[in-house]
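Sequences and hints are given; from them, build the entire structure.
Protein chains in written order, with our numbering: chain P, 1 to 600; chain F, 1001 to 1278.
In short, the hints are calculated from the structure, not lab data. Fair warning: there could be bad hints in the mix.
DSBU-like cross-link-like pairs, simulated, lysine-lysine; straight-line CA separation at most 35 Å [unchecked claim]:
hint, chain 1, residue 1, chain 2, residue 2
1, P, 131, F, 1017
2, F, 1017, F, 1076
3, F, 1067, P, 136
4, P, 329, P, 518
5, P, 136, F, 1076
6, P, 518, P, 310
7, P, 131, F, 1241
8, F, 1241, P, 136
9, P, 136, F, 1017
10, P, 342, P, 397
11, P, 288, P, 276
12, F, 1067, P, 131
13, F, 1067, F, 1241
Source: prediction; values computed, not measured.
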Amino acid sequence: MQVLVRYVTRRRGNPINRDETVETELLRIGRGTDNALHLPDLRVAFHHAEVRATEEGVHLRAMGDSPVRVNGNIVREATLGEADDIEVGPYKLKLLPPGEGYALGVSAELVAPLGDDEQRVRAAARVGLAKALPGKRPVAWALALAGLVFFLVLPIFSFTIQPTRTASAPPMQTDVLMKGHPVSFDMVWDSGEMSTPHKFLSDNCTACHKQPFVMVQDQTCVACHQTIEHHADPASVKLAALTEQRCASCHKEHEGHLPIVQSDERLCTTCHTDLKHEMPETRLLDAKAFTLEGHPQFRPSVVADGATGKVERAALGGEQPLREESNLKFPHGRHLQPNGVKGPNGFEKLDCASCHATQPGGKLFQPVRFEENCASCHTLGFDPKVPARTVPHGPAKDVQAVVRDHFNSVALAGGYDDLTAPAVVRRRPGEPLLPEQRAQALQWAAVKSEEAMERLFSKAVCGGCHVPVKNEGVPAAPAAKDGIVPAAMTTAAAPAAPAAPMRWDILPVRVATTFMPKASFDHQGHTSMACESCHAASKSNVATDLLLPGIENCVACHGPQNATNKVPSECVSCHVFHQPHLPAMRPAQAAKAPTQVSEQ
Amino acid sequence: MSVHESFLVYRGFRFLKAAAALAGIAILAYLVYNPMGPHNGGTWLGYTLGTIGAGLIGWLTWLGVRKRQYSLGATKLQSWVSAHVYLGLSLLIVGTLHTGFQFGWNVHTLAYALMVGVILSGVFGIYAYSRYPALMTANRGGQTLDFMLRQLAELDRQAREIALTLGDEFAAAVRSSEENTRIGGGAWAQLRASGSGCATLAATRRVEELARGTTPELADSAGRLLALLGRKCDLLARIRKEVQFRALMEVWLYVHVPMTVALVVVLAIHIIAVFFYW
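Written out as structure tokens, the structure is:
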């Protein structure tokens, strides 16, 4: 069978045919050179399809799984007509009309050429990030916009709707302050954690920041802190360093765990290094650091005259040791004998704690009390015949009343075991007294009372510790009449009655509660030390010794704030800035009418 | 000596010296200055460093505008880039000291973090610009990317030619190599430059496998095809490396530029916020 194979190419749209005639029963189509219809393209299978002409018509069969389309439909087999479009890979095949000399004619035209390899490669290569990533500009705009919304617009909005903005003082609107924020976008502006005492305000910026672009005002602070006192008397001290400071100049917030009270000694030393420069009239001594050279010697306030109670302030360690005229006689050394002191139960070894007990909190000491600390050894008996009878440790008049009462009582009762006493006093108890006997007994009691008082107030008992005063101008007490003790001499004296001068009296005890009221010393922090390391009590045998350590004692362990080999001790370790006895530093002003927004 | 003077050594490291002096003074001031309370942006040194830092950020950002002003000349632009690089690095020190090392979850630390991000991306940019061009030249071997792509097309054409005479399985491998080989692609693909999933590599392995079982008369063609695909693999590796270098040379800018804009905005907010809640 003769088969016409026509290869069609086109030049400017006009077909150019190349005809081949082959002698075959079966027209094979494929890429391989052994095919009668040879289609040299990789998109065509080596043996793609075959066409056979029979009496019934022209039949096409696809080989293997190679796709053949007839009129757009993939077919495995088909009977072809001249009108059918047959696609094999990129080729379009058509049946030719039967003609002379051949039984079957097929034309093939490459209708989908591969195209330019270079263009294909170039088009497939995706090089450069411009199309692979979102553009820099839109991303930048998006970030900028998000930043503006979340970090500026919303925080300012949060600020404007806060009820605490107008909460003013006094009185503090605690409930408003405590409420916090309904919307807390301004928290993104929080520059750092609040200090511990202010932490409850952490989510409430407007509790303090009431006006935009205005520093936190002192009046906001004193809304709560109403009693914070001045540093120096505002009537006499008008230093700019004090008047022009804000609370927040020293009390810095948003510093996290750091305390709100600043301890930097420069807060003090900027003025106190040379205070006379600012205040020529000041009597304060300069201090610049806690060292021997940088800080004055301690100057306790001490009673210099026991009689008048006059207090003088002078430096320790002068040529003449300071004397505290407390009107007490107490030899510390004798009580701290290494072998102990003789007590009712034999020798007893005393130490500081035997008499000195700390106050609750441990900072200072409780006063020494006779009844608790002395009485077990020091009895207040006055009548050797009745040793159990003692006078109270109290005012001289009470002592006198007890003594007189005792002797009147024993004189009238009789049976007093003293050979020097008159018979009436020694008579058998219970025997009735004649009036003249009664007078005689009371006369004896008066004399006896005076003797006992003389002995009591002398060095023997009261005078052992106190300074007794004998008012010679005051006569000895007259004898009681008819056994009735004059009212003024009894303990039941009318409390409102003016105190009549006593024949015997005791100078008031003037023991200081604190020697250095402008400094604060905490004994609690020093409990690991022996008392003697600061207070040389065992070497002191007179009560006028001031058992206070000087600064040299402190600086042995303590140094200035930048000390590296000592305990760094800033000014505020011992001193306070706000002086408790002074008026308020920033008096709270009356609340103004709300000016910004109405309260919500 | 190279005729080209890098922005890094511009005028005998003039700007390196200036930036080092600035950073040195900042560090010295930080060490010497002992504020009451902790170091932070609110001390006078903090305000000073903050002002210098904000000024630097503004000036450094201006490069983005300045570099588009071609009319002012290339030399001056190189001077700008040199100053931009070194002063930008000194900003890291100035900015860090400004914080006083106080950080938190707030807009202030956000501004700092953005600044660090911008500087670090810039540092990568310096690295890229100083290292990759030489590596790229070596990788291209005197050719251009365009030329290499043309070579690739030619290899495809030759492979097709050979494959015409070989069986359908060979043809499928060649066609797959031609149609499925990817160059570049998404940002990650460009940056990774990985050829492990490469269609040409798979095709090469397939052809190698097929060649073992082929008839002696086709062995020659199969061998030539295999050699051709091997060359294509080598060429692809070099092309991908080139694409990777190009991506690395510009990817940092996709961080640097938007982050700079965000930084400028957040910095402004930082300044406003500090004084809003003074």
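Does the structure keep residue 329(P) and residue 518(P) at a Cα separation of 35 Å or less?
Status holds; Cα separation ~28 Å.
Between residue 1067(F) and residue 131(P), is the straight-line Cα distance small enough, at 35 Å or below?
Distance of about 23 Å is within 35 Å: holds.
Restraint check for residue 342(P) with residue 397(P), where alpha carbons must lie at most 35 Å apart:
Distance of about 31 Å is within 35 Å: holds.
Would the hint linking residue 131(P) and residue 1017(F) be met if the CA-CA limit is 35 Å?
violated, 40 Å
When you check the alpha-carbon spacing of residue 288(P) and residue 276(P), does it fall within 35 Å?
holds, 13 Å
Would you check the hint for residue 1067(F) and residue 1241(F), treating anything up to 35 Å between C-alpha atoms as holding?
holds, 28 Å
Is residue 1017(F) within 35 Å of residue 1076(F), Cα to Cα?
Satisfied, since the Cα-Cα distance of roughly 18 Å is no more than 35 Å.
Assess, step by step, whether the Cα of residue 136(P) is no farther than 35 Å from the Cα of residue 1017(F), and give holds or violated.
This hinted pair holds, its Cα atoms lying about 32 Å apart.
Would the pair residue 1067(F) and residue 136(P) pass a check requiring their Cα atoms to be no farther apart than 35 Å?
holds, 16 Å
35 Å limit on alpha-carbon distance, applied to hinted pair residue 1241(F) and residue 136(P)
At roughly 24 Å apart (the allowed maximum being 35 Å), residue 136(P) and residue 1241(F) satisfy the hint.
Need the status of pair residue 131(P), residue 1241(F): alpha-carbon distance at most 35 Å?
holds, 19 Å
Mind checking the alpha carbons of residue 136(P) and residue 1076(F) for me, to see if they're no more than 35 Å apart?
Roughly 25 Å between the alpha carbons, so the hint for residue 136(P) and residue 1076(F) holds.
The structure fails hint 1 only (numbered hints given earlier).
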